[in-house]
Structure formats: C-alpha cells, structure tokens
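As you go down the protein sequences, you meet chains A and B in turn. Using numbering that gives the first Met the number 0, the first residue of the first sequence is number 0, and each one after it goes up by one. Using numbering that gives the first Met the number 0, the first residue of the second sequence is number 0, and each one after it goes up by one.
Watch out, some of these pointers could steer you wrong.
Distance condition first, Cα-Cα at most 27 Å in a straight line; then the derived DSS-like pairs of lysine-lysine [to be verified]: (1) A/K42 - A/K52; (2) A/K26 - A/K94; (3) A/K42 - A/K74; (4) A/K21 - A/K8; (5) A/K1 - B/K102; (6) B/K102 - A/K74.
No lab work stands behind these hints: they were computed from the structure. Owing to the predicted nature of the structure, the values given are computational and were not obtained by experimental measurement.
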Amino acid sequence: MKLSPFVEKSLIAADLPPGTKKELLEKLLSLAEEHYSLGDKTKILKDLVAREKQSTTGIGCSIAVPHTIVDGIEKTLLIIGSVPEGTEFHAVDSKPVKVVFLLLSPPDRTREHIKLLARIARICSIEELVEDLAGAATAEEVLERITREDESHVG
Amino acid sequence: MELLVIIIKQTQYLDDILTGFVDIGIGGATVVDSRGMGQILTANVPIFAGLKDLMPGGAIGNYMIVSVIESEKVETALQLVNEVCGNIEEEGAGIAFTLPVNKVFGLHKE
C-alpha cells in the first residue's frame, strides 16, 4: 500500500520542539483540527493516551505511530510531526523519538488502518529515510521524501 | 490462486515478512516452527554430529510461512521476501516457492 496518497502537506508539522508525549499528541491533533472536523478532540486524546499506556507506539528507530479509531471523521487522517532534537516517547528501544505518525481512522476503515500501520512500520525500518524525515525543515521535504520512498519500495 | 511457501532461517525476518504481507494486501498466513533436514541429521544421527557448520542451516530451526494468495500478488510477495532477507538464494538462507491451487474453501476476500 502506498503511503503518499494519505500524506497531506497541511497535516505535516516539521521541526517541532521536544515535549511530553501528551503535548506532542495535542499539537498534532490541533493541526488536524485546523483542516478537518475531528468531533470530540478530548476523547481522541484520551484514547491515544490510553493506547500508549497499554503499550507504547514508539516502535523504535526514532519512530512513533500513535493511532486510534475515531467515530465521526470522514476519512483516514495521517498527521506527521518531526522533532529533530528527539523527544521522550518511552519507545521500545528507549531512544528519543524524532518522527511521529499519528494515524486516525474512521470505524469503517479498519483494514486500511492496519495496512497503513504495516506500511509505516516497513518504511521506518529504513534508517536513512528516518534521518531524512527527522531532519526535514519543511512539510514539502517530508512529503517529497515519502513519495520518493513509495516509488522504490515493494508493495 | 497459489500457495506461497516460504522457509526462512533468519528468525528476525519473520516479523518483517508478515508486516510486509499486511502492507501488500496478503491478509493471512500460517507460520509453523519447523526444522530443517540438516538440523535433524546433526542432532539425531551420530555420524553427522559435529557437522553443523557444513550442513546448510544445520545449527538452527526455521520458520515455514504458508499462505494462499492471489496469483497476481506472487511476484510482489517474492520481491518482498528478497527485500527483507537480502539474498534468499544464499545457501542455507531459506527457500520460497509457489504451487498452483485448484480449489480453496474458507478464504475470505478483502
């Protein structure tokens, strides 16, 4: 599955400062809210935090993929944030997280949700890509890099 | 439809292959803990004991991944295996093959 069709320039926050996990999630949700109706943002944040408590979505290699199913959103939203300095996310490898992919999907798109998680997990095993995304200064750079990766990757 | 069979020695590749399956639209697979001939011979037949290094995959177990997949996904799946495993052609690394499937019951399409 290609990731780039789900990546929107307006939903990319490059060069974010470090912060707590909750602060970062709030920032990314606020960015999404500027462009899409999210309904009850507080509930989404609560669900995301609950998911993190269950087990961290900091999957290692400087990547975190917080995700939840959201009632009422019209389509799957992928909000990307890069934190060049790295931020604490209680990742499985205990390393700071530099790129966050926040995935919100409507209840009728769960299969797509799972595929996107798989896609993100796959491309994020590419160290060079993660470095490029973490170091991207603009949303355009993030979008361009993901599109380039999509073209060369199996699937 | 085809039956895809992958046997890999590198256990660390298992997660990547299964994640890749989800990504390319293969919705299910069965994974079996398996043992290669080399491993059994070196463990059970005294004359072969001590030859673990000479037997392809003789020292370790492996995983067999089986999945009935759509024919058009075979090439992508094999490409995926090669991408994950690096070079499956290397002796002892593993094996991947497909077989034609005549009839399937119980497989649900996406």
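Checklist entry - Can you give the numbers of the hints that this structure goes against, from lowest to highest? => result Violated hints: 5 and 6; rest satisfied.
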